[in-house]
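Novice: Residue numbers (our numbering), protein chains in the order written: chain A, 1 to 194; chain B, 1 to 222.
Lysine-lysine pairs mimicking BS3-like chemistry, simulated, CA-CA at most 30 Å apart:
id, chain 1, residue 1, chain 2, residue 2
1, B, K113, B, K154
2, A, K46, B, K190
3, B, K93, B, K113
4, B, K93, B, K157
5, B, K109, B, K157
6, A, K46, B, K157
Derived by calculation from the structure, the hints in this document are not laboratory data.
Each chain, letter by letter, is given below.
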Amino acid sequence: MTVDPNAATQGFPSPDPAHRRPGAARYLVPALVAGAVAVGLGVYGKVHDPEGTAFNLAGFNSTGAVKSWLATAAMGFAVVQFVSALMVYGRLPGPSWSGVLHRWSGRIAFLVAVPVAVHCLYALGYQTYEPRVLWHSLLGCFFFGAFSAKMLLLRSERLPGWVLPIVGGLVFSALTVVWLTSALWFFRTFGVTT
Amino acid sequence: MKRSGPLFTLLAGLLVALFMLSLNATTGTRSTSTGSESSPDAASVSPTPTATPAPSEPSPSPSPSKTAVPNGDYAGRTDDDSSAVAVTLRDGKAVAYFCDGRDQESWLKGDVKADGSMRLTSRSGGVLTGELTGKRIRGTVEMGQQDYGFTADKAVKPSGLYRATATVRGAEVDGGWIVLPDGRQVGIVKRDGKPAAAPLIDPETGAVTVDGQQLTARPVTP
Chain A
1 MTVDPNAATQ GFPSPDPAHR RPGAARYLVP ALVAGAVAVG LGVYGKVHDP
51 EGTAFNLAGF NSTGAVKSWL ATAAMGFAVV QFVSALMVYG RLPGPSWSGV
101 LHRWSGRIAF LVAVPVAVHC LYALGYQTYE PRVLWHSLLG CFFFGAFSAK
151 MLLLRSERLP GWVLPIVGGL VFSALTVVWL TSALWFFRTF GVTT
Chain B
1 MKRSGPLFTL LAGLLVALFM LSLNATTGTR STSTGSESSP DAASVSPTPT
51 ATPAPSEPSP SPSPSKTAVP NGDYAGRTDD DSSAVAVTLR DGKAVAYFCD
101 GRDQESWLKG DVKADGSMRL TSRSGGVLTG ELTGKRIRGT VEMGQQDYGF
151 TADKAVKPSG LYRATATVRG AEVDGGWIVL PDGRQVGIVK RDGKPAAAPL
201 IDPETGAVTV DGQQLTARPV TP
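Given these sequences and hints, build the entire structure.
Specialist: So, in structure tokens, the structure goes:
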């Protein structure tokens, strides 16, 4: 397979051309994609008029409750992510299938978080009117950028050993704050309801 | 060979997002197809409320046959052009809102008789008397010392009557809006009972920002 990601860097006014140092593209492409995703989501949320409503799921009284429970599910899988990552890196004793556990819990967490983000951006938008909301908006966009970077970095071979733990830790921390500023706030404000 | 699993993960997330967006775009404001949507639609009342027999116990005839007064929304201005009046009729009941957009407003409720006449009252003693003829309600609102004649024409979405209630930073916020057929809005937001001019709502969605808090004003039904 050719290193097609280089194509993305051609328009980038980089002082040292990427084709001379193939290692640079390994970081540059994920970083650019992450930036594009995060900024793109934020701009979408800021520019378009919040719709106020979106469709709801059966059995829930409010979209806030649906989102809080989905986000809590994502947070649960994220904790599994953290623990299974420690097992993969041998910091905790773990079974041989901890790598599979890590991959699939991550996938589920991501796929559960996507509908929540879609609803946030579609119905509410990027808001800054109080610190909780500002941090939630900011880190929500950051989360999806960082996650994209993490996924793309996984495709690179021979990365320095610290890269994936750092980026994964950023993703996990971002999701934690996003959850604290939304679902936990929701449950504390409205009670643990459906 | 590079791992492609992560790419598939990202792609799956993108597909889910696009699917949700298309679902929102097609069902978001139109129908309440999915489950127990809590927001009522203005043009067509969501199926559940209409299916339940309307609270018309005193009437001997079952509610479906009560076709004398058609459901509808009406909005217009007072004769002196100082205030706006909106009336919503559903199954022989009416709710009305009288609002000058500054400091005077009143919610009125009551029954509509089979001949189209109505007498609606508010908690503070205001009275609206009116008569529906064709596509127009003509009547009077008594507010305090003053009487206001008004004419309200049949309104189609998005014009009509909207209300939003919420708690914003500890204050009880209660907003009422009349969206007139020409698109103008007259509204008042009360914060802990103190009235003030209301910010504009987005009549398509009811979205409105009050004191920095995003609220959704919903169509009012009796």
